[in-house]
Amino acid sequence: ETGVTQTPRHLVMGMTNKKSLKCEQHLGHNAMYWYKQSAKKPLELMFVYNFKEQTENNSVPSRFSPECPNSSHLFLHLHTLQPEDSALYLCASSQEDRAGGVEQFFGPGTRLTVL
Amino acid sequence: GESVGLHLPTLSVQEGDNSIINCAYSNSASDYFIWYKQESGKGPQFIIDIRSNMDKRQGQRVTVLLNKTVKHLSLQIAATQPGDSAVYFCAENMGNTNAGKSTFGDGTTLTVKP
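Protein chains in written order, with the numbering used here: chain A, 686 to 800; chain B, 12 to 125.
Only chain A is shown next, with the shape it has when bound in the complex (with noise of 0.2 Å):
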């Protein structure tokens, strides 16, 4: 196991919902990230958390709201999504290395689709 867990790993929901996703990390990490993966379509940054702050939000529409209340936990808010933003959703998170360059331990993903 990479210490990253992921919850729930499957999801069905329909546009009208609200659900959230759930990661945690359990190896003391300073920096967390949720990344959509769509088939034939390269891993896309969503948004990136540093020591709880939010440092990066890539052009997401609003209705993903992310939320990291400490710097193990991180969530996904999900409302009135398309049917496009079915996909695997990954979390990962990765200690800030001053020399530069680290490497992301990812969770499992949760699969979600969207009716």
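Keep in mind the hints are simulated off the structure, nothing from the lab. Treat the hints loosely; a few may be bogus.
Covered stretches of chain B, going by a simulated chain A footprint (3 or more residues, C-beta under 8 Å) [as the list claims (entries may be wrong)]:
no., segment
1, 56 to 67
2, 113 to 125
So the derived list for chain A, only partly shown, Cβ under 8 Å to chain B, looks like this [to be verified]:
no., residue
3, T687
4, L730
5, M731
6, E741
7, V745
8, P768
9, A772
10, L775
11, E788
12, Q789
13, F791
14, G792
Taking lysine-lysine and the PhoX-like style, the derived pairs with C-alpha atoms no more than 25 Å apart in a straight line are [what the hints assert, rightly or not]:
no., chain 1, residue 1, chain 2, residue 2
15, A, K707, B, K82
16, B, K67, A, K703
17, B, K82, A, K725
18, B, K53, A, K725
19, A, K721, A, K707
20, B, K82, B, K67
21, A, K737, A, K704
22, A, K721, A, K737
23, A, K721, B, K53
24, A, K704, A, K721
25, A, K737, A, K725
26, B, K124, B, K79
27, A, K707, A, K737
28, A, K704, B, K53
29, B, K82, A, K726
30, A, K721, A, K703
31, A, K737, A, K703
32, B, K67, B, K79
33, A, K725, B, K124
Being a predicted model, the structure only gives us computed values, none of them experimental. Note that beta-carbon positions come from the ideal geometry of N, C-alpha and C, so glycine has one too.
The hints should help you fit chain B onto chain A, whose structure is shown.
Only chain B this time, still in chain A's reference frame:
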């Protein structure tokens, strides 16, 4: 002249053969590169990394080669095994920016035939 390996979306190899997976990166200022492996139903997993002051780095059965002149990265897997079947991604990173933000390339699906 030197040839640059072509990125292929899929690669099929025989068990025991060597595999070479290629990646072209986009940012000449990138100074840190990572290869990830993603097995079915799992998130990407770190395999090996290399910094821009190196051109080769070896791990256990894996070697990463970096050619900064043509912005090309390759992953070589020796004696490929069925457990190596997965999607492989390269990632480039400007290490002095924002918490290790990485840009991921298109993946290559490696299939190992027994």
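Item to check | Those earlier numbered hints the structure runs against, lowest number first | outcome: Failing hints, ascending: 5, 7, 8, 9, 15, 16, 25 and 26.
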